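**Q** Taking the hints into account, I'd like the entire structure generated from these sequences.
For the record, the sequence lines run as chains A and B. Per the working numbering, the first sequence starts with residue 2, numbered consecutively. Per the working numbering, the second sequence starts with residue 10, numbered consecutively.
Hints listed in this document are in silico derivations from the structure and should not be mistaken for laboratory results. These figures come from a predicted structure and were not determined experimentally. For glycine and all other residues, C-beta sits at the position ideal for the given N, C-alpha and C. A couple of the hints might just be wrong.
Unchecked claim - Reference listing, derived: stretches of chain A covered by chain B, where coverage requires no fewer than 3 residues with Cβ under 8 Å from a Cβ of chain B:
(1) 8-20
(2) 31-44
(3) 61-72
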Amino acid sequence: MNSEKKHVFDNPKNVKRVLYGLFTSLVLLLGLEPFVHKHPYFAWENWFGFYAIYGFVACVLLVLAAKYLLRPFVKREEDYYD
Amino acid sequence: MIEFIPPAFIYILGALVVPLLRGRVKSVWMLLLPLVSFFFLINTQVGTSWEISFLGFDLVPFKIDRLSLVFAYIFHLISLIGIIYTLGIRSDLEYVAGLIYAGSALGVVFAGDLFTFFVFWEMLTVSALWLIWAKRTKESQGAGFRYLMVHVFGGLILLAGIIMYISEQKSISLGFIGLHSPATYLIFIGMGVNAAWPLLHSWLTDAYPESTVGGAVFLSAFTTKTAVYALARTFPGTEPLIWIGAVMTAFPIFYAVIENDLRRVLSYSLINQVGFMMVGIGIGTELSINGAAAHAFAHILYKSLLFMSMGAVIYRTGKINATDLGGLYKSMPWTALFCSIGAASISAFPLTSGFVSKSMVLDAAAHGHMSIVWLTLLFASAGVFHHSGIKIPFFAFFGHDAGHRVKEAPPSMLIAMGIAAFFCIFLGSYPAFLYSILPYPVDFVPYTSSHVLFQLQLLMFSALAFTLLLLSGIYPAEIRAINLDVDLVYRKGGRLFYNLMDRGLNAVNRGVEQLLVRVFLVNLTTFVRTLPATMLAKICWPFWKSAFDAPGQKTIMENLRRRAQSGFYPISIMGFLAIIYFGLLFLL
Numbered sequence: 002m003n004s005e006k007k008h009v010f011d012n013p014k015n016v017k018r019v020l021y022g023l024f025t026s027l028v029l030l031l032g033l034e035p036f037v038h039k040h041p042y043f044a045w046e047n048w049f050g051f052y053a054i055y056g057f058v059a060c061v062l063l064v065l066a067a068k069y070l071l072r073p074f075v076k077r078e079e080d081y082y083d
Numbered sequence: 010m011i012e013f014i015p016p017a018f019i020y021i022l023g024a025l026v027v028p029l030l031r032g033r034v035k036s037v038w039m040l041l042l043p044l045v046s047f048f049f050l051i052n053t054q055v056g057t058s059w060e061i062s063f064l065g066f067d068l069v070p071f072k073i074d075r076l077s078l079v080f081a082y083i084f085h086l087i088s089l090i091g092i093i094y095t096l097g098i099r100s101d102l103e104y105v106a107g108l109i110y111a112g113s114a115l116g117v118v119f120a121g122d123l124f125t126f127f128v129f130w131e132m133l134t135v136s137a138l139w140l141i142w143a144k145r146t147k148e149s150q151g152a153g154f155r156y157l158m159v160h161v162f163g164g165l166i167l168l169a170g171i172i173m174y175i176s177e178q179k180s181i182s183l184g185f186i187g188l189h190s191p192a193t194y195l196i197f198i199g200m201g202v203n204a205a206w207p208l209l210h211s212w213l214t215d216a217y218p219e220s221t222v223g224g225a226v227f228l229s230a231f232t233t234k235t236a237v238y239a240l241a242r243t244f245p246g247t248e249p250l251i252w253i254g255a256v257m258t259a260f261p262i263f264y265a266v267i268e269n270d271l272r273r274v275l276s277y278s279l280i281n282q283v284g285f286m287m288v289g290i291g292i293g294t295e296l297s298i299n300g301a302a303a304h305a306f307a308h309i310l311y312k313s314l315l316f317m318s319m320g321a322v323i324y325r326t327g328k329i330n331a332t333d334l335g336g337l338y339k340s341m342p343w344t345a346l347f348c349s350i351g352a353a354s355i356s357a358f359p360l361t362s363g364f365v366s367k368s369m370v371l372d373a374a375a376h377g378h379m380s381i382v383w384l385t386l387l388f389a390s391a392g393v394f395h396h397s398g399i400k401i402p403f404f405a406f407f408g409h410d411a412g413h414r415v416k417e418a419p420p421s422m423l424i425a426m427g428i429a430a431f432f433c434i435f436l437g438s439y440p441a442f443l444y445s446i447l448p449y450p451v452d453f454v455p456y457t458s459s460h461v462l463f464q465l466q467l468l469m470f471s472a473l474a475f476t477l478l479l480l481s482g483i484y485p486a487e488i489r490a491i492n493l494d495v496d497l498v499y500r501k502g503g504r505l506f507y508n509l510m511d512r513g514l515n516a517v518n519r520g521v522e523q524l525l526v527r528v529f530l531v532n533l534t535t536f537v538r539t540l541p542a543t544m545l546a547k548i549c550w551p552f553w554k555s556a557f558d559a560p561g562q563k564t565i566m567e568n569l570r571r572r573a574q575s576g577f578y579p580i581s582i583m584g585f586l587a588i589i590y591f592g593l594l595f596l597l
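**A** Next comes the structure, spelled out in structure tokens:
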């Protein structure tokens, strides 16, 4: 007896749509790169997909480092200072 | 006809009237203050300054140039937005503190001499404190007190530096200082405390999340950005700032990933954003100083927008930890939308304000061929999207539905968020407006096809990383826990110091008391009390020995002791009578 209104993301189909939207945009962004005129300051900016790979790797490393290196080191109970 | 009234006067004097007013008049009065002040400001020529001679020094309480103007504009805008946001909260303490706080920040940016500068700088700390204490919880009391201690410490370093600097320079005018003597290092560090430099930053992440719903909006705007202004004024082109800034952009994002309190996540990302400004100031070219100022302008808007949206969440649900939130887009759709606009801006999506300001700093670093700094800033750009851009809206408004069914934020809050969100998009879509008020002429084109494409690649692949980590379950679950930071040093260290002092100094105290009061004084009194009897006994002993038998000796010894105890000796009586006699002689 759920009388509450159904919301956008209650429907798993819509969540999937968002994910497919994301994946399509990724392919599109990489696909457009050869057609864009680059004016780089650094040599690595000429490598294909540099920004894409850097963004992805940076975030994965960020999360892994935060979870496995920083958290065990700094995590304490909420009442630690009381 | 009054030609001009400095904004600080309007704000601070206006604030003092607020508690006397009631109802609608009070609201109108508060909204008028920034508007009237702004009206005076735009009618004043750049270059105007007031000079007053005071105790042999030339005070310049008011001086306008283009650098102070950028900061003054944004301070006016954000104080107006902050006032609208808090209209429904009805707390005179917050209104007065908030207005004095904003007024002090405006006082700093227009100060033309070190004395005025320092007075407003300290008023900033004192007024901000009440925005934290106004929450009236045990946590906010503690955090406010630590905030005060850290800033008093920073203020004293700054004051020491200023006094030494004035005696070196024989002038109190405020301008470029640069690092060259102990005095300038002290000033540099004193300003660094307010700018939340690494290791000096924990007052910010400690106190801001404990402040009131409206207080956080004001706090996020003024203290650090006033320090950004001060450093841009006095230390442009100082190389250590580049490295300090680079570290600032990078380290907070690791904390932000594992932090549970969403306003604390925002506080960490605030430090990260101020890092970009520090790098801009440190590089010191026209492009980079413009970048720092533009980024401060844009940052104040989207950061306060994010704090406003989280404030609305607290206001309605009473919760702020990611573990207690989720699915709020269903009941607070407008707040969710405005939060997402703020999130997009801080992540520097094209068509938002972050895109047109942050890229100036990155470009300035690239112009200077600073590859490590540039790569760090790029890493921080991806990271900030990760925690502020995705984590904040996702855990609060989307993600796992925590089951809160609350009302949408009140109209005053929605209007304030709406104005901030409008400016985020307006500045991003029409950067010429922002560029026209920067300190130096701007020759920078943010919207090139490659720049847009690369920024989108960076952000969307960061989003991919988040999505994959979340779906695979690797993304760290939010945990009810706190994370240690530098404040450990004084929070635990303070207690340790107290205990050490208690055990160390108090032990000395107790030992000395034992020795002096319990042992020495007791022995001394006993000694003094028994001295006459013992001496008499010693003197009389040979005589008694021959005159009395053993019981007789004992009796006479007892009598002597008793007399000694009561102090009753014939000689004392004679002495007493003699004193009375001489006393009478003297008086008569």
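**Q** So which of those numbered hints doesn't the model satisfy?
**A** none
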